[in-house]
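I would like the entire structure built from these sequences, with the hints used as guidance.
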Amino acid sequence: MTENLRQNPIRAEREVDLVDAGVIGDVERPLTVVERVVNNDAVQRLTILVAIIVIWELYARWLDNALLFPTFTETLKTFSKDVANGVLVDRTLTSLRTLAIGYTFGLALAALLTTFAVASGIGTRILSTLTAMFNPLPAIALLPLALIWFGLGTPSLVFVIIHSVLWAVALNTLIGFRSVPETLRMSGRNLGLKGARYVGLILIPAAFPSILAGLKIGWAFAWRTLVAAELVFGVSSRSGGIGWYIFEARNDLDTATVFSGLLAVILIGLIVESVIFRALEARTVNLWGMQR
Amino acid sequence: MTSALLDVSGVTLQYKTPRHLVTATYRVDFSVHQGDRYVILGPSGCGKSTLLKAVGGFMPPVEGSIRIRGRAIDAPGPDRMMVFQEFEQLMPWKTVYQNVLFPMKVTKKFATAEAAGRADAVIEKVGLAKFRDVYPHMLSGGMKMRVAIARAMALEPDILLMDEPFAALDALTRRTMQRELLALWDQLRFTVLFVTHSIEEAIIIGSRILVLSPHPGRVRAELNADGLDHNSIGNPEFGALSKRINYLLFGDEQSQRTSEGAQA
Numbered sequence: 001m002t003e004n005l006r007q008n009p010i011r012a013e014r015e016v017d018l019v020d021a022g023v024i025g026d027v028e029r030p031l032t033v034v035e036r037v038v039n040n041d042a043v044q045r046l047t048i049l050v051a052i053i054v055i056w057e058l059y060a061r062w063l064d065n066a067l068l069f070p071t072f073t074e075t076l077k078t079f080s081k082d083v084a085n086g087v088l089v090d091r092t093l094t095s096l097r098t099l100a101i102g103y104t105f106g107l108a109l110a111a112l113l114t115t116f117a118v119a120s121g122i123g124t125r126i127l128s129t130l131t132a133m134f135n136p137l138p139a140i141a142l143l144p145l146a147l148i149w150f151g152l153g154t155p156s157l158v159f160v161i162i163h164s165v166l167w168a169v170a171l172n173t174l175i176g177f178r179s180v181p182e183t184l185r186m187s188g189r190n191l192g193l194k195g196a197r198y199v200g201l202i203l204i205p206a207a208f209p210s211i212l213a214g215l216k217i218g219w220a221f222a223w224r225t226l227v228a229a230e231l232v233f234g235v236s237s238r239s240g241g242i243g244w245y246i247f248e249a250r251n252d253l254d255t256a257t258v259f260s261g262l263l264a265v266i267l268i269g270l271i272v273e274s275v276i277f278r279a280l281e282a283r284t285v286n287l288w289g290m291q292r
Numbered sequence: 293m294t295s296a297l298l299d300v301s302g303v304t305l306q307y308k309t310p311r312h313l314v315t316a317t318y319r320v321d322f323s324v325h326q327g328d329r330y331v332i333l334g335p336s337g338c339g340k341s342t343l344l345k346a347v348g349g350f351m352p353p354v355e356g357s358i359r360i361r362g363r364a365i366d367a368p369g370p371d372r373m374m375v376f377q378e379f380e381q382l383m384p385w386k387t388v389y390q391n392v393l394f395p396m397k398v399t400k401k402f403a404t405a406e407a408a409g410r411a412d413a414v415i416e417k418v419g420l421a422k423f424r425d426v427y428p429h430m431l432s433g434g435m436k437m438r439v440a441i442a443r444a445m446a447l448e449p450d451i452l453l454m455d456e457p458f459a460a461l462d463a464l465t466r467r468t469m470q471r472e473l474l475a476l477w478d479q480l481r482f483t484v485l486f487v488t489h490s491i492e493e494a495i496i497i498g499s500r501i502l503v504l505s506p507h508p509g510r511v512r513a514e515l516n517a518d519g520l521d522h523n524s525i526g527n528p529e530f531g532a533l534s535k536r537i538n539y540l541l542f543g544d545e546q547s548q549r550t551s552e553g554a555q556a
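Protein sequence lines correspond, in order, to chains A and B. 123 is the number that the numbering used here gives to position 123 of the first sequence; each next residue is one higher, with no gaps. Position in the second sequence (first residue = 1) + 292 = the numbering used here.
What the hints contain is simulated information worked out from the structure, not anything from laboratory work. Quick caveat, the model's predicted, so the values are computed rather than measured. Accuracy of the hints is not assured; some may be wrong.
[As the list claims (entries may be wrong)] For lysine-lysine, the following PhoX-like pairs were computed, each having C-alpha atoms within a straight-line distance of at most 25 Å:
(1) B/386 x B/400
(2) B/308 x A/194
(3) B/401 x B/417
(4) B/386 x B/397
(5) A/216 x B/386
(6) B/417 x A/194
(7) B/422 x A/194
(8) B/417 x B/386
(9) A/194 x B/386
(10) B/422 x B/386
(11) B/397 x B/422
(12) B/401 x B/386
(13) A/194 x B/400
(14) B/417 x B/400
(15) B/417 x B/397
Next comes the structure, spelled out in structure tokens:
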């Protein structure tokens, strides 16, 4: 029967002594300096930044209208002057302080809500309904209400920041918790882990990529909301934030200062994203192989 | 004669899918003794994994009782460590060492210093000493499985529950892992309840085999398979047992056909 299945003539079999693999040459070699520099993430990002600055400078010089579009050098001059005399630093710190309070409260509330949500089915439904209602609502739209409730000042700002952080973080955390593999959950429960220990030791680290994404989105929402809110009602008590700095400069038609304020907003965004969050990612999800 | 370590009597298991109520096993009885390599064997859909989950405490039986050392099982616990088929059972945010240490840390079964020593010893035993501080995503499937086994073993559970642990591995690695598991058993004489759908694996691993019928899982036979391992695959004894199990699972017709095939 097997004869009938044969299509090709019988070929010789062979067994071979292993060839020494050393003669192949490079099995592994270190990358050259050029290769490493070109592959470096920071170098690539810096190149992009430099390109943007060059385009900005060239366009502004061609336009030659400092009221509409100041050059990069002029913006930088104003920026360094205001940094040196402390105005910009002061304004930025005021904003960051408010942001830190709002962000912290937002995270705490999000943690509370999601813990409640994973603990029970009704909690999940409450959270997903609340998120569906409030997530699309722009925080800035709540500002008039906040002003009525809390008056002019930091509490109103904190309120809108909490609103912008809370839903983004809660939603992402809940999605993260839901996508933890069943096997991992079972191996946690196998050890008798329950309640807060189960959430803290298994669910949170397992859902960390999602949680981190939520933290990043929450941060960006908060920063954006804060600057916008400061633009709307300007000075809070004695010292204004960075939004107020921009608003003041606009009233004076001092466009270079407006640009320097925007530059500060962007710089802080870049630092938080590419220094703080990047470092956090490198030490967690990248190290654990959960994100490439 | 020792009394049973694990006693399963008259256990019926049911679970709900969105559309159906499925009866996974129906009135299953068996008992596992200290030092047994007890294998539950059956075709897919015979409820063998569900049965193991019930022993693990993840689902309560609808009928019957499951007792370990005379105590009824009502929740998952570290006295019954599970090793799953999926590689995801390891915590990706912990290194090999931390993964092995973790159960000992949260259950506080051993003092801190003792736990650290045990973790290192068991990692050495499964041959992963070089990979002690590596994260799971950098390990091969077989290595991940070794970590999972080491982790379970370090805790010295009353019984080790293994749910088709080698099914996701390639054939060569699977063979190595079976050999290693037997070698470990030879040293430590732990009790293991092992689920598989491979007749060959059941005979190699098991000292006693429970054969389940499909839909719903009912006991078809309980057989002894002690003393048979990889080296006895060609033996007539191995072949006879294999044929017998084949007959028990697939009935007369199927085994007739396979024996004809073997003669041709």
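Hints versus structure:
{"no.": "1", "hint": "B/386 x B/400", "in the structure": "18 Å, holds"}
{"no.": "2", "hint": "B/308 x A/194", "in the structure": "24 Å, holds"}
{"no.": "3", "hint": "B/401 x B/417", "in the structure": "20 Å, holds"}
{"no.": "4", "hint": "B/386 x B/397", "in the structure": "13 Å, holds"}
{"no.": "5", "hint": "A/216 x B/386", "in the structure": "24 Å, holds"}
{"no.": "6", "hint": "B/417 x A/194", "in the structure": "31 Å, violated"}
{"no.": "7", "hint": "B/422 x A/194", "in the structure": "34 Å, violated"}
{"no.": "8", "hint": "B/417 x B/386", "in the structure": "20 Å, holds"}
{"no.": "9", "hint": "A/194 x B/386", "in the structure": "20 Å, holds"}
{"no.": "10", "hint": "B/422 x B/386", "in the structure": "16 Å, holds"}
{"no.": "11", "hint": "B/397 x B/422", "in the structure": "22 Å, holds"}
{"no.": "12", "hint": "B/401 x B/386", "in the structure": "20 Å, holds"}
{"no.": "13", "hint": "A/194 x B/400", "in the structure": "15 Å, holds"}
{"no.": "14", "hint": "B/417 x B/400", "in the structure": "22 Å, holds"}
{"no.": "15", "hint": "B/417 x B/397", "in the structure": "20 Å, holds"}
Checked against the numbered hints listed earlier, the structure breaks hints 6 and 7; every other hint is satisfied.
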